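Undergrad: One letter stands for each residue in the lines below.
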Amino acid sequence: MNLDGAHEKDSERDEGDLDKRIRLETVTKRWDDPPAVDGISFDVSPGQFVILLGPSGCGKSTTLRMIAGLEQASSGNILIGDRDVTWLPPGDRGISMVFQSYALFPHLSVADNIVFGLRSRKVPKPERRERLNLVANLVDLEAYLDRKPAQLSGGQRQRVALARAIISEHPICLMDEPLSNLDARLRGEMRREIKALQERLGMTVIYVTHDQVEAMSMGDRVILMQAGRIVQDGTPDELYERPASAFAASFIGSPAMNLVRLVAAEEGAVIEGEPRVPVAESAAGGGLLGIRPEEIEVHAGASGVSAEVLDEEYLGADTILRLAVGNQVLRARLPGRPEVTRGSPCRLSWPLDKAHLFDADGERRDDLSLLAFTASETPHGSDAGSRAASKAGNPPGNPRVATSDPGVSP
Amino acid sequence: MASLNPDRRMQIYGALLMLPAAVLLATFAYLPTIATLINSLFLPGFRGEPASFVGLENYALLIEDDTFWQVARNNLFYAVGTIPTSIALALGMALFVNARLPGRGFVRMAYFTPTILPMIAAANIWMFFYAPQIGLFNTLLEGIGVPGVNWLGDPAVALSSVIVMTVWKEAGFFMIFYLAALQGIPPELEEASNLEGTSRWSFFWRVTFPLLMPTTLFVLINALINAVRVVDHLFIMTKGGPNNATNLLLYYVYENAFSFFDRTYAATITVVILLVLAVVATVKFTVLDRRTHYQ
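Residue numbers (the numbering used here), protein chains in the order written: chain Y, 1 to 410; chain B, 1001 to 1295.
Keep in mind the hints are simulated off the structure, nothing from the lab. What you are looking at is a predicted structure, and each value in this text was computed from that prediction instead of being measured. Treat the hints with caution; some may be incorrect.
[Claimed, not checked] Beta-carbon label-pair distances, calculated as ranges:
| hint | chain 1 | residue 1 | chain 2 | residue 2 | range |
| --- | --- | --- | --- | --- | --- |
| 1 | Y | Tyr314 | B | Ser1199 | 38 to 48 Å |
| 2 | B | Ser1160 | Y | Asn77 | 32 to 42 Å |
| 3 | Y | Asp146 | B | Ala1278 | 33 to 43 Å |
| 4 | Y | Asp112 | B | Gly1014 | 19 to 29 Å |
| 5 | B | Leu1017 | Y | Arg147 | 34 to 44 Å |
| 6 | Y | Trp87 | B | Ile1225 | 45 to 55 Å |
Ideal Cβ placement from N, Cα and C applies to all residues, glycine included.
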């Protein structure tokens, strides 16, 4: 990584970006049973922005700390570039790190905090000053170099921590929930800044977070973890569009994907407590049906699953409806502020390619197929028998916007 | 009371809350200080005569008193011998027991034990260590064929012996303060510096030690006060001897007041001690405080 490309002696680092690559081979960390990190492997290619996402206690921070060398892996290998760094001390791995607490030295000025590592590595003073000026300019801290961390706002402290990480010009930067101490507005701002900085400097970043918004908006690639294992490893789109498991489905998206239990019935699997409308082939019974709230259409049409409006939550740009289907509750996100009468009946439908099936263990089942909705006379008609099974594809006559139903209107 | 406005009432309320502490402080600290200051300007009256005012004559006497200067020198030597050593030792012990260590709780307790012992008991233990014939140190020395030393009887080593005992007694106490301060330093600071390949030595001097400065300052003031407050173990061990070799300021005050019955001279020495302490404390706080980082 080069801040301005002007440092001659640093340019030799750029040989093929090899030193920006990270590889984990069945890395395990075990304090006691079960292991905190359980044999995970992945490859990070140079310049990638990789998110380690998961609920607290899933092992994502431990994984990051093992890459940094702050924790020793119990087994497995960690490679940076071509070097096996599993046993190297943190200072020899060529990485920098941003901590959740920022880990700024409270007694040192902003400038001294930023050049702390350069002093440790005995970089001569003129070069230190030159690099400090560059970095301070990059993160907008020039006016604050003489201040102590206590005299800075949360966002400014965050910038100091970033500056300290990038001044080292290490090709790899690890970030451990760096935005979780900021308020919501600042967080959005810093998300963009970190992403822009990473692209500009060509750093390889591994970023730990439990916030799916950060994961979706910043990552080139998201590794979702649960209980020390990788659940899914893919682009944000893939995680959103094709969650590998019910857990992945429920973790991404706000509000989370609806997961409803299916039971096998005569003509196919039906939503538990709503036996009239089969939604998938019989083999899907006992599993889960997942539909994102934003994919659900609420209307008064003749086809679809009958439901009842429980309540609504108005959010400004859209409204979240809670709907009872059978004995289960679904959320639907509708644009604007539809007029809603609580307790009114309506019908729900969704594009078949936007619904997901999971088996009883929560595994994604692409081999099972969904059934299209066919017209039935009234919202509460019980003519499930007249439905024809057809596989995949959008069901015909399925407008996204609700029509003239007295219960729901846009 | 109804005529008082709320502001006034709050002021009276506050003053009443402060009253108990103020009364105690005034009775046992301020009044005695003033009385001492006044006393130092008089000569004691004999055979029922009233004490006579002599102005600064006691101070003039003090300046010509060789014993006073010897005692003052002893005390300076004692302070220089005990303060840096016990602080360095306390810091070292705190760093040691702050690390991961088998039996850490036990080691911490062991370090702190001398502090719990009453001074008199500690002095008696050390009397046994220092005893010329049967003492522990001399027995050990004889074991390796080195002639024993009269630890408390030889004017050349007596004060050093007292210093060693004081360091032993105080280091554990100061360690507790350092240990508490060390545990207040977030572990990420060391991790962040490890990532940059900072050596432990460099991390200590650039981060740990500066962050411990408030504690060091506090311990320094305490150690200084302790250095001029020593009476009890001199009682047990040397009684200021031999030939005033271990006599320290406060013990000299005690001797003048209660052995020689020269209360006004004792008061004079006390005033001088107070002045010196006040000056040193002021200098410490103004010079060191400016360089100290408080969180």
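Undergrad: Are the hints correct? Go through all of them and say.
TA: Checked hints:
A hinted range of 38 to 48 Å is violated for the C-beta pair Y/Tyr314 and B/Ser1199, which are about 59 Å apart. In this structure the hint that B/Ser1160 and Y/Asn77 lie 32 to 42 Å apart at CB is violated, the actual value being about 58 Å. Checking the proposed 33 to 43 Å range against Y/Asp146 and B/Ala1278 shows it holds: the Cβ atoms sit about 35 Å from each other. A hinted range of 19 to 29 Å is violated for the C-beta pair Y/Asp112 and B/Gly1014, which are about 43 Å apart.
Distance hint check: the CB atoms of B/Leu1017 and Y/Arg147 are about 39 Å apart, consistent with the given range 34 to 44 Å. Taking the beta carbon of each, Y/Trp87 and B/Ile1225 are about 51 Å apart, inside 45 to 55 Å as hinted.
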